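Peer 1: Work out the full structure, taking the sequences as your base and the hints as a guide.
Protein chains: 4
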Amino acid sequence: MGNDIRVSVVGAQGRMGSSVVSALAAAEGMTPALAVTADDDLGVVTPDNTDVAVEFTVPDATLGNVLKLVEQGVSVVVGTTGWDDGKLSQVRKALEKRSGPGSQSVFIAPNFAISAVLADVFAAKAAPYFTSAEVIELHHPDKLDAPSGTAIHTARAIASSRGQARCASMPDGTQGNTASRGQVVDGVHVHAVRLEGLNAHEEVLLGNAGEQLVIRADSFDRSSFMPGVLLAVRKIASGDYPGLTVGLDTFLDL
Amino acid sequence: MGNDIRVSVVGAQGRMGSSVVSALAAAEGMTPALAVTADDDLGVVTPDNTDVAVEFTVPDATLGNVLKLVEQGVSVVVGTTGWDDGKLSQVRKALEKRSGPGSQSVFIAPNFAISAVLADVFAAKAAPYFTSAEVIELHHPDKLDAPSGTAIHTARAIASSRGQARCASMPDGTQGNTASRGQVVDGVHVHAVRLEGLNAHEEVLLGNAGEQLVIRADSFDRSSFMPGVLLAVRKIASGDYPGLTVGLDTFLDL
Amino acid sequence: MGNDIRVSVVGAQGRMGSSVVSALAAAEGMTPALAVTADDDLGVVTPDNTDVAVEFTVPDATLGNVLKLVEQGVSVVVGTTGWDDGKLSQVRKALEKRSGPGSQSVFIAPNFAISAVLADVFAAKAAPYFTSAEVIELHHPDKLDAPSGTAIHTARAIASSRGQARCASMPDGTQGNTASRGQVVDGVHVHAVRLEGLNAHEEVLLGNAGEQLVIRADSFDRSSFMPGVLLAVRKIASGDYPGLTVGLDTFLDL
Amino acid sequence: MGNDIRVSVVGAQGRMGSSVVSALAAAEGMTPALAVTADDDLGVVTPDNTDVAVEFTVPDATLGNVLKLVEQGVSVVVGTTGWDDGKLSQVRKALEKRSGPGSQSVFIAPNFAISAVLADVFAAKAAPYFTSAEVIELHHPDKLDAPSGTAIHTARAIASSRGQARCASMPDGTQGNTASRGQVVDGVHVHAVRLEGLNAHEEVLLGNAGEQLVIRADSFDRSSFMPGVLLAVRKIASGDYPGLTVGLDTFLDL
Chain B
1 MGNDIRVSVV
11 GAQGRMGSSV
21 VSALAAAEGM
31 TPALAVTADD
41 DLGVVTPDNT
51 DVAVEFTVPD
61 ATLGNVLKLV
71 EQGVSVVVGT
81 TGWDDGKLSQ
91 VRKALEKRSG
101 PGSQSVFIAP
111 NFAISAVLAD
121 VFAAKAAPYF
131 TSAEVIELHH
141 PDKLDAPSGT
151 AIHTARAIAS
161 SRGQARCASM
171 PDGTQGNTAS
181 RGQVVDGVHV
191 HAVRLEGLNA
201 HEEVLLGNAG
211 EQLVIRADSF
221 DRSSFMPGVL
231 LAVRKIASGD
241 YPGLTVGLDT
251 FLDL
Chain W
1 MGNDIRVSVV
11 GAQGRMGSSV
21 VSALAAAEGM
31 TPALAVTADD
41 DLGVVTPDNT
51 DVAVEFTVPD
61 ATLGNVLKLV
71 EQGVSVVVGT
81 TGWDDGKLSQ
91 VRKALEKRSG
101 PGSQSVFIAP
111 NFAISAVLAD
121 VFAAKAAPYF
131 TSAEVIELHH
141 PDKLDAPSGT
151 AIHTARAIAS
161 SRGQARCASM
171 PDGTQGNTAS
181 RGQVVDGVHV
191 HAVRLEGLNA
201 HEEVLLGNAG
211 EQLVIRADSF
221 DRSSFMPGVL
231 LAVRKIASGD
241 YPGLTVGLDT
251 FLDL
Chain P
1 MGNDIRVSVV
11 GAQGRMGSSV
21 VSALAAAEGM
31 TPALAVTADD
41 DLGVVTPDNT
51 DVAVEFTVPD
61 ATLGNVLKLV
71 EQGVSVVVGT
81 TGWDDGKLSQ
91 VRKALEKRSG
101 PGSQSVFIAP
111 NFAISAVLAD
121 VFAAKAAPYF
131 TSAEVIELHH
141 PDKLDAPSGT
151 AIHTARAIAS
161 SRGQARCASM
171 PDGTQGNTAS
181 RGQVVDGVHV
191 HAVRLEGLNA
201 HEEVLLGNAG
211 EQLVIRADSF
221 DRSSFMPGVL
231 LAVRKIASGD
241 YPGLTVGLDT
251 FLDL
Chain Z
1 MGNDIRVSVV
11 GAQGRMGSSV
21 VSALAAAEGM
31 TPALAVTADD
41 DLGVVTPDNT
51 DVAVEFTVPD
61 ATLGNVLKLV
71 EQGVSVVVGT
81 TGWDDGKLSQ
91 VRKALEKRSG
101 PGSQSVFIAP
111 NFAISAVLAD
121 VFAAKAAPYF
131 TSAEVIELHH
141 PDKLDAPSGT
151 AIHTARAIAS
161 SRGQARCASM
171 PDGTQGNTAS
181 RGQVVDGVHV
191 HAVRLEGLNA
201 HEEVLLGNAG
211 EQLVIRADSF
221 DRSSFMPGVL
231 LAVRKIASGD
241 YPGLTVGLDT
251 FLDL
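Protein chains in written order, with full-length UniProt numbering: chain B, 1 to 254; chain W, 1 to 254; chain P, 1 to 254; chain Z, 1 to 254.
Do not rely on the hints blindly, as some may be mistaken.
In silico lysine-lysine, BS3-like type, Cα no more than 27 Å apart, as pairs [as the list claims (entries may be wrong)]:
1) 68(Z) to 235(Z)
2) 125(Z) to 125(B)
3) 235(B) to 143(B)
4) 87(B) to 97(B)
5) 235(P) to 97(P)
6) 125(W) to 87(P)
7) 235(P) to 68(P)
8) 125(P) to 235(W)
9) 87(Z) to 97(Z)
10) 125(W) to 235(P)
11) 97(Z) to 235(B)
12) 87(P) to 235(P)
13) 97(P) to 87(P)
14) 125(B) to 235(Z)
15) 143(W) to 235(W)
16) 68(Z) to 87(Z)
17) 97(P) to 125(P)
In short, the hints are calculated from the structure, not lab data. Source: prediction; values computed, not measured.
Peer 2: Laid out in structure tokens, this is it:
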């Protein structure tokens, strides 16, 4: 226990945060430290009690929380969405200011589901070898945006790797009404299904004459994010990733 | 052999017609009779040499061909597309004129793939028991129209059976851009994928809280239509379906 | 509210029972009545306070519970497994003894997931029209039996409907080691997958030359049973099903 | 045309060989050279008329053919199956004898379908990040062996990468009859479906708590091998792969 990673959770009463608290309690080599909620003062989280803080709050609060934690000398794993280049840049600067002898780290990932991250990476790697590629994402009907951010990311990754390989544009003989053909993201058709009973799913279809490759990631519930969160905590605690790191694929040996 | 059904093929050099000629040669209880091409005179097809004519030509020619065959006293199984209510009505009238002692028949089907017909029927039967239903059709990229006629038919069948059961409209919280949500056909979202390597496929997704039913029909090549064509020939030759019959589901015991 | 169906739950603290209690509270036209646990006396459940009792307990207790409730004049919807012909026969006799002026009912179903019931029915209806049919069931790795009872039921239903239609046996050219070909149930190959993250899923594959029909039912969690339970409660409360009824398909208009 | 790769086909009248001849005729940057059949003398294939020979014959003939072509100074792309370590070793020695100033090459692949090769590689890369992994392969019912060689290869690759990562063995609570659980290959369960209408398909399921990754490769017909064959011809003709190379993944940038 003495060598356990001490992990504090910021946003501990939220849906994701409370799942992280449960996952920590069951994980080998980790000890839950503080459970901080929106009403608490973040100042209590310090290197004296915490090796890594996991932050799952809301887009409006996350940048402030991360900057504060960095200032206090704590490394952070961030699961809240809503990050853009400007915000990332602020975190980078805050970390540079702190860079003394230690190895303080911030890790931010748009998606902690390992299956989703792998699907994204594999789709991009495979795309140059196929004539056609389309993306179907499927979610519960309460989701506000369509297509999902993950599907847009996958489509762009496919387009980028095909562009680098100088692939020809994909064949599409559709004439007339194209409403059923979905949204075109960087030349890749993306379809969004909204179905009661589903959670978060993505399917990438890649086709050549006579063959198809299908890569599908299913996230059935919040527990799907926990292996990714625990992996990130271990990697950040190792000290091997000083500074800012973005994306769970960094930690996967692909 | 003496009791074999004698089957002539009209459009025997086309892609579908030549497949029918091959299928007939291999089918039990059937004998290929005449193989008629676009240059031939349809007048050679008569009850003396033919029990059932199978017509696979082009939308512009099919009505004329069928009326001519009916006039000559031959029953017809029609696989050519492009039929509408007006054309069907003309065939009905022509058959009524002929209705003497016999049992002359015309059978027209928009789709002869048994899997596609069953998917369509099952989707309609299941739809009232689910909160959500969407249709994804997937075809080769040379297809000119999107979504497919079959997918539109399935969406309408789903909408109709839900309407009769007074189902609530489907939940969809999408805000903003809905381009990725596909084409809405009678309230049912229909998505069209165009992928090199595919032929003709349809998937119906039905969802309730905590569960999903997926019904998928794959037509890998033209041979998928042959069991349906042979079934129709047998049923029409039986004399049990005098007059005009539309749709392969008529012959399926569902 | 005065006309609400009053529903008591027997086994109210179990995983399924507690889900039923929650579902009742949210259902229109129903009022939760008594919540009975293993320690309570079933004698409290009577027509004075209950229109329908829902019984979700354990195989050892269910027959006794149902007989007792029948004796007290209460109609029952039973979700506990472990029923066989002998036990069903005892319930039938108990109901016959009671048959006076009223319309007391017992309904027993091996599976309340509507998607699973529909997949089973559709597979049996479709099977005679295909050359090949196989069943794949997929469950969480904690499941003790393989294949699942539902998959065995589906395989037998496929075999039965093919037998009635005098279908030829399915082609299988496998020579040598057949361990990978799964378990053969009445001539139908059944495959069982055990995968962390899954709950309960079944896929039926039906094939002809050039085509495939796939019917898949996914049960993601316990909530998938609730629509079926509520449907059964409504049907039993209607008085239209006096005596013993087995199987949710009875209530589906297929 | 002057710089086109001149490609001869050995086994030009076989099913695969004749497909290669057609594919060559349509490929940019390649010119069909000789079409050699079983009755012809291989001695006619020489560097004077051929840059690369493609060999698709039968397991009994392929080693002799390749050794002869190597002796004549011709580089070879081999699609015939049935190779083992002993045969590969003979080819390696033959190539070493020839190693003069040039860059003569032999390339042998058990599977030329890019989708199948990618599925195999991705499954092995992903496997260490999941608790469970199983393989389902699906083929036409005329196939003699079960499971397929490709599925065995995939299962072994999964087992090997999990072994290197010191993964725990997969959970499986099945008690009693395990016939439905398929064949266990190096600890990985492999299921084989045989279905009329299918050609060659493989699906790898990987599961963690709350999530699933599915990787599926569909080979619908022989044309699926042609992109892989043409890729191999280009790579071998480039001179960048002197000596013996095994496996199409060598040429893929993964």
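Peer 1: Hints first: check each against the structure and report whether it holds.
Peer 2: Status of the hints after comparison with the structure:
For the proposed pair residue 68(Z) and residue 235(Z), the alpha carbon gap of about 21 Å is at most 27 Å, so the pair holds. A threshold of 27 Å between alpha carbons decides the hint, and for residue 125(Z) with residue 125(B) the separation of about 13 Å falls inside it, so the pair holds. A threshold of 27 Å between alpha carbons decides the hint, and for residue 235(B) with residue 143(B) the separation of about 31 Å lies outside it, so the pair is violated. The hinted pair formed by residue 87(B) and residue 97(B) meets the criterion: a straight-line CA distance of about 16 Å does not exceed 27 Å.
Restraint check for residue 235(P) and residue 97(P): satisfied, since their Cα atoms lie roughly 22 Å apart, inside the 27 Å limit. A C-alpha spacing of about 33 Å is found between residue 125(W) and residue 87(P), which places the hinted pair above 27 Å, so the restraint is violated. Between residue 235(P) and residue 68(P) the alpha-carbon distance is near 21 Å, which keeps this suggested pair within the 27 Å criterion. For the proposed pair residue 125(P) and residue 235(W), the alpha carbon gap of about 19 Å is at most 27 Å, so the pair holds.
With a C-alpha separation of about 16 Å, the suggested pairing of residue 87(Z) with residue 97(Z) holds against the 27 Å cut-off. Between residue 125(W) and residue 235(P), the direct Cα distance comes to roughly 19 Å. Compliance with the 27 Å bound is thereby established for this hinted pair. At most 27 Å may separate the alpha-carbon atoms for a hinted pair to count; residue 97(Z) and residue 235(B) exceed this at roughly 50 Å. Straight-line distance between C-alpha atoms of residue 87(P) and residue 235(P) comes to about 23 Å, which keeps the hinted pair within the 27 Å bound.
Distance restraint check for residue 97(P) and residue 87(P): the Cα-Cα separation of roughly 16 Å lies within the 27 Å cut-off, and the hinted pair is therefore satisfied. Straight-line distance between C-alpha atoms of residue 125(B) and residue 235(Z) comes to about 19 Å, which keeps the hinted pair within the 27 Å bound. Annotation: proposed proximity of residue 143(W) to residue 235(W) is violated, straight-line Cα distance about 31 Å (limit 27 Å). Distance check on the hinted pair: residue 68(Z) and residue 87(Z) sit about 14 Å apart at the alpha-carbon level, within 27 Å; holds.
For the proposed pair residue 97(P) and residue 125(P), the alpha carbon gap of about 37 Å is over 27 Å, so the pair is violated.
The structure fails to meet hints 3, 6, 11, 15, 17 from the earlier list, while all remaining hints are met.
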